[in-house]
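K.L.:
Sequence:
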Amino acid sequence: MRTKWQFLPEYYQQLQVLRFAVEEINNSTSLLPNVSLGYDLFDYCSDSLNLQVAYDFLSSSLDRSVPVLDRNGHAPIQRFHSPPQISPGASSIRLSHEPFFNSFLRTIPSDLYQVRAIVQLLQRFKWNWVAFIGSDNDYSQDALQVFNEETQRAGICVPYQNTIPQDPTGMLSIFRKIEALKVSVVVVFATQDLAVPFIQAAVANDIRDKVWIASEAWSTNQFLFKLPGIEAIGTVLGISISGLGPLPGFKEFVYRTIMQSDHEACAQTQRPVTEEMCNQDCPECSSLTPEALLEADPTYSFNVYSAVYAVAHSLHQLLGCGANTCTRSGPVLPHMVLEGLKKVDFMLKDRVINFDQNGDPTPYYDIVVWDRTSLEFPKRVGLYTSDPAPRFTLNESLIPWYTNGRVPILICTAECEEGHRKLRTGVHDCCFQCEVCPNGTYIDKKADPYNCTKCEDDEWSGQGSTSCKKRTLQYLHYTDHFSIALVVSTVIALALSIAITILFARNRDTPVVKSAGGTMCFFMLSCLSVACMGIFSYIGEPVLVKCTLRNPVFAVFYTACLSCLAVRSFQIVFIFKMAAQLPKAYDFWVKHNGQWLVIVASVVIQIFLCGIWIGTEGPQPFSDAAVYIDQIIVSCTMGGLRASLPVTLFVSCLSVACFIFSYMGTDLPKNYNEARSVTLSLLIFFLSWISFFTAYIVYSGKYIQAFNAVSVLVSLYGILAGYFFPKCYIILFKPEQNTTAHFQTCIQSYTKSISSK
Numbered sequence: 010m011r012t013k014w015q016f017l018p019e020y021y022q023q024l025q026v027l028r029f030a031v032e033e034i035n036n037s038t039s040l041l042p043n044v045s046l047g048y049d050l051f052d053y054c055s056d057s058l059n060l061q062v063a064y065d066f067l068s069s070s071l072d073r074s075v076p077v078l079d080r081n082g083h084a085p086i087q088r089f090h091s092p093p094q095i096s097p098g099a100s101s102i103r104l105s106h107e108p109f110f111n112s113f114l115r116t117i118p119s120d121l122y123q124v125r126a127i128v129q130l131l132q133r134f135k136w137n138w139v140a141f142i143g144s145d146n147d148y149s150q151d152a153l154q155v156f157n158e159e160t161q162r163a164g165i166c167v168p169y170q171n172t173i174p175q176d177p178t179g180m181l182s183i184f185r186k187i188e189a190l191k192v193s194v195v196v197v198f199a200t201q202d203l204a205v206p207f208i209q210a211a212v213a214n215d216i217r218d219k220v221w222i223a224s225e226a227w228s229t230n231q232f233l234f235k236l237p238g239i240e241a242i243g244t245v246l247g248i249s250i251s252g253l254g255p256l257p258g259f260k261e262f263v264y265r266t267i268m269q270s271d272h273e274a275c276a277q278t279q280r281p282v283t284e285e286m287c288n289q290d291c292p293e294c295s296s297l298t299p300e301a302l303l304e305a306d307p308t309y310s311f312n313v314y315s316a317v318y319a320v321a322h323s324l325h326q327l328l329g330c331g332a333n334t335c336t337r338s339g340p341v342l343p344h345m346v347l348e349g350l351k352k353v354d355f356m357l358k359d360r361v362i363n364f365d366q367n368g369d370p371t372p373y374y375d376i377v378v379w380d381r382t383s384l385e386f387p388k389r390v391g392l393y394t395s396d397p398a399p400r401f402t403l404n405e406s407l408i409p410w411y412t413n414g415r416v417p418i419l420i421c422t423a424e425c426e427e428g429h430r431k432l433r434t435g436v437h438d439c440c441f442q443c444e445v446c447p448n449g450t451y452i453d454k455k456a457d458p459y460n461c462t463k464c465e466d467d468e469w470s471g472q473g474s475t476s477c478k479k480r481t482l483q484y485l486h487y488t489d490h491f492s493i494a495l496v497v498s499t500v501i502a503l504a505l506s507i508a509i510t511i512l513f514a515r516n517r518d519t520p521v522v523k524s525a526g527g528t529m530c531f532f533m534l535s536c537l538s539v540a541c542m543g544i545f546s547y548i549g550e551p552v553l554v555k556c557t558l559r560n561p562v563f564a565v566f567y568t569a570c571l572s573c574l575a576v577r578s579f580q581i582v583f584i585f586k587m588a589a590q591l592p593k594a595y596d597f598w599v600k601h602n603g604q605w606l607v608i609v610a611s612v613v614i615q616i617f618l619c620g621i622w623i624g625t626e627g628p629q630p631f632s633d634a635a636v637y638i639d640q641i642i643v644s645c646t647m648g649g650l651r652a653s654l655p656v657t658l659f660v661s662c663l664s665v666a667c668f669i670f671s672y673m674g675t676d677l678p679k680n681y682n683e684a685r686s687v688t689l690s691l692l693i694f695f696l697s698w699i700s701f702f703t704a705y706i707v708y709s710g711k712y713i714q715a716f717n718a719v720s721v722l723v724s725l726y727g728i729l730a731g732y733f734f735p736k737c738y739i740i741l742f743k744p745e746q747n748t749t750a751h752f753q754t755c756i757q758s759y760t761k762s763i764s765s766k
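Residue numbers for the sequence shown, in our numbering: 10 to 766.
I should point out that these hints are in silico values taken from the structure, not numbers from a laboratory.
Keep in mind that a hint or two might mislead.
Lysine-lysine pairs mimicking PhoX-like chemistry, simulated, CA-CA at most 20 angstroms apart [to be verified]:
| # | residue 1 | residue 2 |
| --- | --- | --- |
| 1 | Lys-463 | Lys-478 |
| 2 | Lys-135 | Lys-351 |
| 3 | Lys-135 | Lys-478 |
| 4 | Lys-523 | Lys-743 |
| 5 | Lys-555 | Lys-523 |
| 6 | Lys-235 | Lys-260 |
| 7 | Lys-478 | Lys-455 |
| 8 | Lys-358 | Lys-260 |
| 9 | Lys-135 | Lys-191 |
| 10 | Lys-135 | Lys-235 |
Label pairs and their in silico Cβ distance ranges [what the hints assert, rightly or not]:
| # | residue 1 | residue 2 | range |
| --- | --- | --- | --- |
| 11 | Leu-17 | Pro-255 | 30 to 38 angstroms |
| 12 | Ile-616 | Leu-692 | 20 to 28 angstroms |
| 13 | Ala-610 | Thr-646 | 28 to 36 angstroms |
| 14 | Thr-334 | Arg-400 | 50 to 58 angstroms |
| 15 | Val-361 | Val-436 | 30 to 38 angstroms |
| 16 | Asp-218 | Val-436 | 42 to 50 angstroms |
| 17 | Leu-17 | Ser-45 | 39 to 47 angstroms |
| 18 | Phe-742 | Leu-482 | 46 to 54 angstroms |
| 19 | Phe-355 | Gln-231 | 50 to 58 angstroms |
| 20 | Thr-38 | Phe-16 | 33 to 41 angstroms |
| 21 | Phe-742 | Ile-616 | 33 to 41 angstroms |
| 22 | Val-361 | Phe-16 | 33 to 41 angstroms |
| 23 | Ala-423 | Leu-650 | 31 to 39 angstroms |
C-beta atoms are modelled at their ideal positions from N, C-alpha and C, and glycine is treated no differently.
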């Protein structure tokens, strides 16, 4: 641990750079001709309050006419006389902003940019679990505030912050806390007098395998670099002030002005041998060799050099200096020098020297690494500057990582896989668990990495999705193979209905057509044709009109056909078995066209029931998004059960009546026996609708509508095949049975069989 008066060669080197710059300017015939600069030296520290010594000097130079500090602790000398102050090493951030330092300038960049460079470095390697260790002074505390702001914006977590204590026990406590938190990136933003013993303690306590990020205060410290065992602590990266190499002529200046013989002479006498060398209260300075001085850390040399030249250029403008002389004869007041300093803009050793509105220079930083295998120290691997815009470059291949050449992954929790959301496990965003987003949701990590967003109703997503896809609308498209087959079957049914109508029309006076119902057959065939036309409403996207036309239309016209079959079966049974016993009833039936009254009444009742069905809880278009994740089944509902059940029951009652009347006529003459025909038609009807309702219960895909259409079509085919085809067969292939004589023979045979019983 260095004491207050510990001698550091690099500081003595900076003194010599100042002397070198002053001598160089005084020897110049163009910058300040016939004007000589002088200097008085004081020690400076990182604490901004230590500027009081400078104020004491300035006050004495002004014959104490202005007090240094007023009763509030402010500096009137600064406000009223604005004496310029230019520092080559005070980098505290607050020096750029507080009004107390409005006459303060510097040639070292503000730590604001150094912090940004460090954050850029962390972002480059995606390190987000970082500790910040500083010193208890303005240098670290101001930087910590900015560091927290920048890391928060960058998504970097800082789970541990502390200042370096003076005692080894306190340092050990810091190391244990870092290990407990599993932090592997440690930013040590501290002054050199604290950073050196802290890193020494890390080596002594066998702290291993970490990345240490050094601030410019100690990133070029050769003592630590050469410390035995330093390589075990991990990789040391750092930010250093970007220098321009050795100052031309400085080496010669050192050898010319600091000779070993002069040092020996100063040491042997109590009075100065030369006024230049022996007026220092510094025994170590006298014993320092030129070689040792030149080998000291040159980080701040150019800052000192450029600070002296900035003052000279300000005076050059104020004094109106030309090539050989300066023309101004009036006094040059401190505030004039300050205003001149704020406006200087010149080239010095290939670098532009100027100051912004805060008195800060353009930042230039080197990104360095400690490499024990390299002859270069520190080894430059990148740079950071804001000239003319923020720029950060880094050559990763030059960094000797402690992980065998691979960039270490130093985070609290590995980034979640695609399609997973983060679940916080503590106060820091960098520590979390990962949970896959379920079906129907997606994760947009840029917008919100913590919540799975639900897809819209017409969208879908699988498990672990990062976006939603549009669901496909599933219904019977016109180009679907099933639709084409359905259309072809419907057209065939229509064609058969038309063909049977034509056949019956041409043979309307024959006994077969008359026994089938005569005019009633044409009515039935018309109803079948209209019901067939309703099949087309099952194809294409379901809309309200199509849903309304589907089952209600079939129910009405199929009811008409069933009522015809029922009436026809009843009429045949009535003629053969009850006409003689009930002659008046038979006469009434014939006289008032009882068959048509029953048919019309049945149709009207069914229309009324369908009207109630449609008007209250009728079929509606329905989009079912619950069955399939990637599809929306667009179909028609059956409507309310209370409204649709009467329609179904009425059709069922008619079908039962058909069956009863046809069964009662099983012993009638063959040509009048409709039992087989009607039974076959009803059997096909029952089987088709039982199949549909079974499929409706167990299946919910787009083809459920096709099954509905097939049930309708099969029911219609049932009547065609069961009732009309046998009669067409007789007309076309058994003409001998389609004669009046044949029918009379059948009736006579039936009469004889009845009489014999």
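K.L.:
For every hint, state whether the structure bears it out.
P.N.:
Quick rundown of the hints versus the structure:
Of the pairs offered as hints, the one joining Lys-463 and Lys-478 holds, with about 12 angstroms between alpha carbons and a cut-off of 20 angstroms not exceeded. Note on Lys-135 and Lys-351: the hinted pairing is violated, with a Cα-Cα distance of about 39 angstroms set against a maximum of 20 angstroms. For the hint linking Lys-135 to Lys-478, the alpha-carbon distance of about 32 angstroms lies beyond 20 angstroms, and the restraint is violated. Simply put, Lys-523 and Lys-743 have alpha-carbon atoms about 16 angstroms apart, close enough for the 20 angstroms limit, and the pair holds.
About 37 angstroms separates the Cα atoms of Lys-555 and Lys-523, which puts this hinted pair outside 20 angstroms; it is violated. Distance check on the hinted pair: Lys-235 and Lys-260 sit about 25 angstroms apart at the alpha-carbon level, beyond 20 angstroms; violated. Between the alpha carbons of Lys-478 and Lys-455 the distance comes to roughly 19 angstroms, so the proposed pair stays at or under 20 angstroms and holds. Our distance criterion of 20 angstroms between C-alpha atoms is met by Lys-358 and Lys-260, whose separation comes to about 16 angstroms.
For the suggested pair Lys-135 and Lys-191, the alpha carbons sit about 16 angstroms apart, so the restraint of at most 20 angstroms is met. In summary, the hint linking Lys-135 to Lys-235 is not supported, as the alpha carbons are separated by about 30 angstroms, beyond the 20 angstroms threshold. Here the CB-CB span from Leu-17 to Pro-255 is close to 20 angstroms, at odds with the stated 30 to 38 angstroms. For Ile-616 paired with Leu-692, a C-beta distance near 27 angstroms keeps the hint of 20 to 28 angstroms intact.
Between Ala-610 and Thr-646 the beta carbons are some 30 angstroms apart, a value that agrees with the proposed interval 28 to 36 angstroms. Separation of Thr-334 from Arg-400 is about 43 angstroms and departs from the stated range, judged on CB atoms against 50 to 58 angstroms. At roughly 45 angstroms, the beta-carbon separation of Val-361 and Val-436 lies outside the given 30 to 38 angstroms, and the hint is violated. Hint check: Asp-218 to Val-436, Cβ distance near 26 angstroms, so the stated range 42 to 50 angstroms is violated.
For Leu-17 and Ser-45, the Cβ-Cβ distance of about 29 angstroms falls outside the hinted range of 39 to 47 angstroms, so the restraint is violated. The beta-carbon spacing between Phe-742 and Leu-482, approximately 49 angstroms, falls within the hinted interval of 46 to 54 angstroms. One distance hint, 50 to 58 angstroms for the beta-carbon pair Phe-355 and Gln-231, is violated here, with the actual separation near 32 angstroms. Roughly 37 angstroms separates the CB atoms of Thr-38 and Phe-16, a value that falls within the hinted 33 to 41 angstroms.
Separation of Phe-742 from Ile-616 is about 39 angstroms and conforms to the stated range, judged on CB atoms against 33 to 41 angstroms. At about 35 angstroms, the beta-carbon gap between Val-361 and Phe-16 stays in the expected band of 33 to 41 angstroms. Roughly 56 angstroms separates the CB atoms of Ala-423 and Leu-650, a value that falls outside the hinted 31 to 39 angstroms.
Of the numbered hints stated above, those contradicted by the structure are hints 2, 3, 5, 6, 10, 11, 14, 15, 16, 17, 19 and 23, listed in ascending order.
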